[in-house]
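So you can see what is in the structure, the chains are spelled out below.
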Amino acid sequence: MSTASVATLVGDRTGGRKAGAAFGDDRLWRWLTISPALALMLLLSVLPLANLFVSSFQDITWAGGDSTRSFVGLSHYRALGSDALFRAGLVNTFIFAFCAVAGQMVLGLGLALLCSKVTRGRVLYRAIFILPILIPGIVIGAIWKLMLNYDFGLINQGLALLGVMQHDWLGSAETALLSVIVVDIWHWTPFCFLLFLAGIESLPQDIFEAAKVDGAKPWQEFRYITLPLMIPTIVVTFAFRLVLAFKVFDEVYLLTSGGPGTATEVVSFTLYQRFFTEDRIGYGSAMSVAVIFLVSLLLVIALSARRGLGRT
Amino acid sequence: MNGPVSRQGRIALTHLVLVAAAAIVIAPVAWTVAAGFRTQISLLMGEFFFSPVWFNFAEVLFSKTSDFLLNYRNSLIVGIASTALCLAVATLAAWSLHRMRWPGWIVHVFLAWTLIFHMIPPVALASAWYAMARPVGLDNTFIGLILAHTTLNLPMALWLMSVFVRDVPRELEEAARMDGATTPILLRHVVLPIIAPGLAATAVLTFVFSWNEFAVALTLSMKQTATVPVAIAKFAQDFEIQYTQMAASAALSILPALLLLLVAQRYIVKGLTQGAVK
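Protein sequence lines correspond, in order, to chains A and B. Numbering-wise (my numbering), the first sequence opens with residue 1 and increments by one. Numbering-wise (my numbering), the second sequence opens with residue 313 and increments by one.
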């Protein structure tokens, strides 16, 4: 949500060094204020991740409350390469993430541009568009499981009115992933819309006045003024959505559980099965480490693209 | 071309597209809520008109086989407790990182870590947390789930509160220091009043995210501590799905979100947009 503020936050420090001279008297409070966050981070994020990393080189079996661990070296990582389910999950997650996020970005930007042109009703539109963002992912899954139901779902009912044959959207391999993508676009387009609208509203108005005086057409205004000025917001929203899309789990869990076959197998769901259905903790850990590595790589690419775009 | 008529026409067309989009957003939710008021037969027959019944809601809320009220209570406990904890921890940390002259590299490492942490699939974390919680008896307790949700939402809360803490004028803090204010007094009487709206925005979002969270709640809770999303997932996995009851429970589960949308929309917009635009 606030990926950009991390950058601004770091930038803020240089000013702080000069101005803060009067503050430094209580080292105790300096530590007291940071330590709860530090403790949570160390105990509940660094430690579990270290645990995950160590476990990825081990075979672990639970008996009662105790675990027995044996070192297996890199064999889990080697097995990843030939794991068809993991590969299917990666491919599907990539397809899902890029299609869904691309759709959300385009639709969200379009709606935000339209909404910025109207004065009446803007608040109402925004209130309506916020709704999906606030609904639990699992409930989104439940809603669309009903909507896409073969027998009585609203989608098939609507198609029947148009004389189109009923279709088993979630049950057939050709349309299952597409359906999940459409559901995700429905879920998150409003979020992109909200950020883009706020971005457009914060643009300096005098540039647009000047462009109008110079006789710029709406398309030119968009292409040469709005779009370049919106690039930072667009890239931040894109990176943020992409990271979330890679973590997709709730909707898939309820809508398709990865099926039919491996049609909607996504990485988080594969992880879930390895850990909790099959109890293969060591192997699941190796898979987690691989996924975290891949996502970090993507984010680095996205952020350097942002820097590159910022220069032009 | 640019006469008043074509301009009005363009605005009318704009409204038309926006209304259509709003309808697409609302229709699935409204249809599902309506399904909660149908009988299973009416839904399966695909009747357009139906006489509403309360049966599904009564069944979901009060039947002996349903734990939904318990799940609702659990979600409230976990949501409120983790939000309070998360806000306290994040606000103190954000203020500390900004106004307590930490060396630059510490701030960088801290923030880089929250960014990396934010990218990890919750499912991967859930397994590690479960392995940690089980030996110390924190699995299937509220404490375990509250700590988990606090940690999950900490990065977002920290970034948001950083934005709001930075809005507190340094001069104000310095003046208070000159007057001899200690750190607790400074935080309570100078910083807190200024960041209160930001706190509200962060609180609303943190609560919603905790209320919505599924993957971790699924793994760290059992029957007595299960939250609403876990309960709804159960509906969908039953051998014979009670579609209308699933719809009724879905409708009940979005009540807090609707309520917040009505009373705190300003804060939701502020929280969601603050970071990305600044």
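One should not assume that every hint holds.
To be verified - Here are some, though not all, of the chain A residues that point toward chain B, as calculated from beta-carbon distances under 8 Å:
id: 1; residue: Ile34
id: 2; residue: Leu74
id: 3; residue: Asp151
id: 4; residue: Gln157
id: 5; residue: Phe249
id: 6; residue: Val267
Just so you know, the hints here were simulated from the structure itself, not pulled from any lab data. For every residue, glycine included, the Cβ atom is placed at its ideal position computed from N, Cα and C.
Practice problem: Identify every previously stated hint that the structure contradicts and give their numbers, smallest first. | Solution: Result: hint 2 breaks, nothing else.
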